[in-house]
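Participant: Those sequence lines, one after another, are chains A and B.
Heads up: the first sequence begins at 1 in my numbering, then just goes up one per residue.
Heads up: the second sequence begins at 1 in my numbering, then just goes up one per residue.
Calculated directly from the structure, the hints in this document are not laboratory data.
Treat the hints with care, as some may be off.
[What the hints assert, rightly or not] With a straight-line Cα cutoff of 30 angstroms, these simulated DSBU-like cross-link-like pairs (lysine-lysine) come out:
no.	chain 1	residue 1	chain 2	residue 2
1	A	K70	A	K107
2	A	K16	B	K42
3	B	K42	A	K38
4	B	K57	A	K107
5	B	K57	B	K83
[What the hints assert, rightly or not] Residues from chain B that face chain A, not an exhaustive set, calculated with beta carbons under 8 angstroms:
no.	residue
6	M89
7	T101
8	P106
We put the CB at the ideal spot given by N, CA and C, even for glycine.
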Amino acid sequence: AQKVTQAQTEISVVEKEDVTLDCVYETRDTTYYLFWYKQPPSGELVFLIRRNSFDEQNEISGRYSWNFQKSTSSFNFTITASQVVDSAVYFCALGSQGGSEKLVFGKGTKLTVNP
Amino acid sequence: EPEVTQTPSHQVTQMGQEVILRCVPISNHLYFYWYRQILGQKVEFLVSFYNNEISEKSEIFDDQFSVERPDGSNFTLKIRSTKLEDSAMYFCASSLAGGDTQYFGPGTRLTVL
Numbered sequence: 001a002q003k004v005t006q007a008q009t010e011i012s013v014v015e016k017e018d019v020t021l022d023c024v025y026e027t028r029d030t031t032y033y034l035f036w037y038k039q040p041p042s043g044e045l046v047f048l049i050r051r052n053s054f055d056e057q058n059e060i061s062g063r064y065s066w067n068f069q070k071s072t073s074s075f076n077f078t079i080t081a082s083q084v085v086d087s088a089v090y091f092c093a094l095g096s097q098g099g100s101e102k103l104v105f106g107k108g109t110k111l112t113v114n115p
Numbered sequence: 001e002p003e004v005t006q007t008p009s010h011q012v013t014q015m016g017q018e019v020i021l022r023c024v025p026i027s028n029h030l031y032f033y034w035y036r037q038i039l040g041q042k043v044e045f046l047v048s049f050y051n052n053e054i055s056e057k058s059e060i061f062d063d064q065f066s067v068e069r070p071d072g073s074n075f076t077l078k079i080r081s082t083k084l085e086d087s088a089m090y091f092c093a094s095s096l097a098g099g100d101t102q103y104f105g106p107g108t109r110l111t112v113l
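Isolated chain A (complex conformation) (with noise of 0.2 angstroms):
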């Protein structure tokens, strides 16, 4: 069964930090997919990153990075010199690739960054 594990229920920092947020996946797929979503308190999911389980290259984009390991089945998320309009939940979601196409969330981490 697939499963992903958010350890960090709630994280608070102040504005310019970094952060980074944990996700730990589980799958017996070969061909897999992880993303993160933001859900700000506005209520929406906003698609923020989606990585291919053969591609364990690491991403940035701006102030946003992504490091996936697949040796530990580990795809972190770190934002640099937060801001607070980074405050927000952040999901990472597990799909697969034939047979099943829903998405396997985690519980959410809830990150506030403070002025």
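Assemble the complex: chain A is given as a structure, and chain B must be docked to it using the hints.
Facilitator: Chain B alone, transformed into the frame defined by chain A:
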């Protein structure tokens, strides 16, 4: 930029009543999904829909739930006889293909009294 839309944004209903939640997926997408999120909890998969039929459903998606694509643009979730525990945020999502990125709508908050 194309986006998934959902109506209504908030629906209040009495227990036992039927509700229909509506979604307009991104126009060229072929796969459609419903998820729900009980307040403060994680997002849970309900059902996926492709080629005018259900391709997968979760154990939550019992006989009181149904989905339909009544025309070329809308995708609906019907709950036949609502229960208190159906109160949640319901998200519609769509993707171009299976395994592709799923883009979510803004959600419909369903409150069952």
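Participant: Look at each hint and say if it fits the structure.
Facilitator: Hints, one by one, checked against the model:
| no. | hint | result |
| --- | --- | --- |
| 1 | A/K70 - A/K107 | 21 angstroms, holds |
| 2 | A/K16 - B/K42 | 28 angstroms, holds |
| 3 | B/K42 - A/K38 | 12 angstroms, holds |
| 4 | B/K57 - A/K107 | 20 angstroms, holds |
| 5 | B/K57 - B/K83 | 19 angstroms, holds |
| 6 | M89 | 6 angstroms, holds |
| 7 | T101 | 5 angstroms, holds |
| 8 | P106 | 4 angstroms, holds |
In this structure, none of the earlier numbered hints is contradicted; all agree with it.
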